Amino acid sequence: MSDKSTDAYWKANIRIITICMVIWALVSFGFGIVLRPLIAGIPVGGTDLGFWFAQQGSMLTFIALVFYYRWYMNKLDAEFGVEE
Amino acid sequence: MDQFVINLIFVGGSFALYIGIAIWARAGSTADFYAASRGVNPVVNGAATAADWMSAASFISMAGLIAAVGYGNSTFLMGWTGGYVILALLLAPYLRKFGRFTVPDFIGDRFYSQTARLVAVISLLVMSITYVIGQMTGAAVAFSRFLEVDSTTGLFIASAVVFCYAVLGGMKGITYTQLAQYCVLIVAYTIPAVFISLQLTGNPLPQLGLFSTHTESGQPLLQTLNEVLIELGFNDYTGNHGSTFNMVLFTLSLMIGTAGLPHVIIRFFTVPKVADARTSAGWALVFIALLYTVAPAVGAMARLNIITTLYPEGIQGEPLAFDNKPDWMLNWERTGLLRFEDKNGDGLIQYYNEANPPQRAIDEGWEGNEMVLFNNDILVLANPEIANLPSWVIGLIAAGGLAAALSTAAGLLLAISSAVSHDLIKSIINPGISEKGELLAARISMAFAIALATYLGLNPPGFAAQVVALAFGLAAASLFPAIMMGIFSKKMNSTGAITGMIVGLGSTVLYIFTYLGWFFIPGTNMLPNTPDNWLFGISPLSFGAVGAALNFIAAFIVMKISAPVPVEIEELVESIRVPKGAGDAVAH
Chain A
1 MSDKSTDAYW KANIRIITIC MVIWALVSFG FGIVLRPLIA GIPVGGTDLG FWFAQQGSML
61 TFIALVFYYR WYMNKLDAEF GVEE
Chain B
1 MDQFVINLIF VGGSFALYIG IAIWARAGST ADFYAASRGV NPVVNGAATA ADWMSAASFI
61 SMAGLIAAVG YGNSTFLMGW TGGYVILALL LAPYLRKFGR FTVPDFIGDR FYSQTARLVA
121 VISLLVMSIT YVIGQMTGAA VAFSRFLEVD STTGLFIASA VVFCYAVLGG MKGITYTQLA
181 QYCVLIVAYT IPAVFISLQL TGNPLPQLGL FSTHTESGQP LLQTLNEVLI ELGFNDYTGN
241 HGSTFNMVLF TLSLMIGTAG LPHVIIRFFT VPKVADARTS AGWALVFIAL LYTVAPAVGA
301 MARLNIITTL YPEGIQGEPL AFDNKPDWML NWERTGLLRF EDKNGDGLIQ YYNEANPPQR
361 AIDEGWEGNE MVLFNNDILV LANPEIANLP SWVIGLIAAG GLAAALSTAA GLLLAISSAV
421 SHDLIKSIIN PGISEKGELL AARISMAFAI ALATYLGLNP PGFAAQVVAL AFGLAAASLF
481 PAIMMGIFSK KMNSTGAITG MIVGLGSTVL YIFTYLGWFF IPGTNMLPNT PDNWLFGISP
541 LSFGAVGAAL NFIAAFIVMK ISAPVPVEIE ELVESIRVPK GAGDAVAH
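Same order as they appear, the protein sequences are chains A and B. Going by the numbering used here, the residue at position 63 of the first sequence is 63; the numbering climbs one at a time, nothing skipped. Going by the numbering used here, the residue at position 487 of the second sequence is 487; the numbering climbs one at a time, nothing skipped.
Since the hints were made in silico from the structure, they are not lab data. Remember, predicted model here, so these are calculated numbers, not experimental data. Every residue, glycine too, gets a C-beta built ideally from N, C-alpha and C. Only true hints are included.
Over 10 Å on every C-beta distance to chain A, these chain B residues come out as not near it, computed from the model:
| hint | residue |
| --- | --- |
| 1 | Asp-2 |
| 2 | Val-43 |
| 3 | Gln-114 |
| 4 | Pro-357 |
| 5 | Tyr-455 |
| 6 | Asn-533 |
BS3-like, lysine-lysine: derived pairs with alpha carbons at most 25 Å apart:
| hint | chain 1 | residue 1 | chain 2 | residue 2 |
| --- | --- | --- | --- | --- |
| 7 | B | Lys-580 | B | Lys-490 |
| 8 | A | Lys-75 | B | Lys-273 |
| 9 | B | Lys-343 | B | Lys-325 |
| 10 | B | Lys-491 | B | Lys-580 |
| 11 | A | Lys-4 | B | Lys-490 |
| 12 | B | Lys-273 | B | Lys-490 |
| 13 | A | Lys-11 | B | Lys-491 |
| 14 | A | Lys-4 | A | Lys-75 |
| 15 | A | Lys-11 | B | Lys-490 |
| 16 | A | Lys-75 | A | Lys-11 |
| 17 | A | Lys-75 | B | Lys-580 |
| 18 | B | Lys-490 | B | Lys-560 |
| 19 | A | Lys-4 | B | Lys-491 |
| 20 | B | Lys-560 | B | Lys-491 |
| 21 | A | Lys-11 | B | Lys-580 |
| 22 | A | Lys-11 | B | Lys-273 |
| 23 | A | Lys-4 | B | Lys-580 |
| 24 | B | Lys-580 | B | Lys-273 |
| 25 | B | Lys-560 | A | Lys-11 |
Okay, chain B solo, but in the shape it has when bound:
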């Protein structure tokens, strides 16, 4: 059967499933729409959270990022999972006990201030909207490669599907489609990884295969990879070639950024009890780690596979001829994400590090690296083709990539629409709105959010990748400290918390824009983005953790010199610290 037909069956089948779930799980009330009526089983919520969290970046990009750098990009693995420990221990159970629908809800009530609520809404909207752009472009890439439709058509199809289950079902529809999407994406990610691990090491578990003996060379896989890379003039895979300080700071920023992402936090509002929020965080981490422990194996093995493809006769032998390029290279060249160029006109592809050319390159007169472009995003999507896996595995990867992008997009869209309908309309603009009116407002804002996301996906600002880093920085520096202080400091008052959020937000945005340009417009940066110019050597992407620290410091200083918190707020904090009575908090 034709590959296109197979892809169509897999993608079409998964979409039909999502729409079926949407029809089954319609929302009848705001409690349904915002929090699935708090009736979600904690294990189901764990899987939904995993799909909600694992975005196009985790599914499509992460293994490629790790493959490109090796050890140095372990930051993504530790950072994006370590955040769940923070969520489980410091945030989720208390926010569930508080028993409201959104993150600005908590911040507004705990700091008894509409200003605090508004600052939280603004942070939430900026980070969620920027984040959703990445999902829409990720979905478009998958569509254009696998379904041969142009990305515009692809985006409209994706938006229509999300529209069905998000507008109809709200959190309830999203939860059960995310459960289905988790199953699709984890199967799609794991199957090729198991095959490749078997091919290279004979071990079916990629997590163990990564540290096993490479069958062909008879020595450990990572040792072989290191040797091959050094031979081509690249850094070895397992060594640390960056700044240890930035590695720590970047990991910490990703961790607290993860814990502060509103679309992840609201998932914990859907379970019945406080104890379930703890359980749910554990399962979420298990489901996430299933992919995250496989990703480094996929990265290392794919990198080795690609080099072996380019040097079919061994690393010292003759490189691959342009005429013998395998189909996957031709397929991906058409997308513009992969490019070769015969610089010395010998008809062979010489792939090496031209910044540090090996002796052989000089001896044989190579004139530069001839794999001139290899976009990191290709790695996972092309993985089954690189390893010559059967065509149904390729169809599965297509469905998986789309599941990852759409599930995260839906979660973000819900966070955006609930911030608008609940926090702006219900809490600030029109408190007298009826339940029915609010539900309608929620659906309309959801439809608007989808339209906006589609528009931004069609016209992505050139800085989408950097903006995702900004989203994490903002979450780390603004929302996370405010929520944490709201729970762990009874004395934290509104003036302190608002000052803290503004200082955290402001310093992070300022630092990022200083090096990456105002609003990411190229050429408007005030200092060149190189390590010598960074303040104390802190990379702009790692600044979220520093912003968070400034937030805490500013909040505590201002707290000391401003009016103390009212007694009823101290009582509120007391009550969210104990699980008993979470059921009561639902009806407010």
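So that you can see chain A by itself, here it is in the shape it has in the complex:
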């Protein structure tokens, strides 16, 4: 593989990592903690959406993120011909 396509592969990887990590931070530190007062108006079973994100939603989102990243990277590996 040429240096040029190595660079392109790595850039694409960094891009998808950044997107995933932004979502990772948003659902946990964001909705679960810091932004909880902002979404406090949305009721969920006796409490509010922020509480749900802190005790359920963030973890479910984490799972989705890891599997999405896996799917995306396997596709990217094949595109650049670097899969095993």
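Go by the hints and put chain B onto chain A.
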């Protein structure tokens, strides 16, 4: 059938299973011993990782911690699962591609320095040994309560079982016993939770039950819990009563600490391909979340159940009489983890927050909270008894608690022994050692590590709980930044990385010791451990994230003013960034 016999059948049966697996999965080579010959199916590895990771703290303590504080302790849920996103995206695939056996192996080779390797070995040994103490004491608690043996005997039995499969099978034996232990622990955790959720809300899924209507009061469960707690003078369950800043920092510390724990990282060395490391991290998270999404429901429901038990006629009615205490209270009082005291001598148990007594306490002349001790660790273990579940469920919980403690202990012991035999003996002291000699060295260091863990379990330093926090802080501040920079910065050199690790490690240890005492010896702290004294209000337990930041900063400054990395190291980094050729890296 007698409860003791039932417990014995469940625990004995699970132990027989682990020993059977140990005999089946013996290790024949160092590749077997360190990495199960990299032939582990990614889903199996996911389950093994989940058992490896979920310790006595997750199984026994976590729901109790959440129950005690409510929303504020959601940090454990987000922190201990969020770390897997970091592992899956930033570390695991590249470390698998690198294709060595241990974490110090990577740090030593990537930073082309025996000093870097040694610093990594020291961090690893300190964090893993402190962590293993918690597992051994957790196993001892479960033994003494459920099998009525004293904890010394219990510990020896536990050590003997771990010895069988860890020394014989190494990573290979550990992987397949961890798979079995995961099945035992998740069934043990979920079954009582499903029963309790059904009892309280009619919903069989605890994750949904937590947000459902409480059958008895006809309003949402969490609302009922909030009302009852406020009535007794406690903080409401769902509100935020702590510092938001520390909550963020503590969660972040737990996340990057998780990602930097060597015994978790080495599990990803066991799968055949880089793509499998990604898959495996996803499954690990699924298996972990199965327990972690149930835990907050267990916490909230058990807390409500306990209050209902103590106030059988409703929160305004007469409290439970000392003479009517249910069996589970009597059982747990014997362990010393639960204690009542009739302060006003009226024969009734008044449970309330004496720091903020409700009007009723003043009117009726209550003289203090009479449930004087409720150890958080009881909650999960006593859960089936509190909810009056059948006795086989109690036997299951006993086996589950032990599975959680032993599976993590085994993973830690492997990390310790491989650091000694591979990184110290093979890489630093005697590079000429034969494959057979190294395997023998690995087995001997494993046996020593088990002996040490047993000794520390028998004589636990009084600070075991705080030391676990130290383990996370160290992982976050020393190993995680070094590994990450090793992958994501081609220019990071050895001087930078070593300085970074020492600064991260040093600042975290210093900060923790300043408030918790030197080596946790009470009275030797230089500042009182209260929020007014904390630097910028940062709690010592949350400092790992700050230590990690200092590590990064120091490393980049020193990198700028020291010799650049050799060309072959830049090429090494290039090669770990692409999955192709992971098979080749195995044979080195």
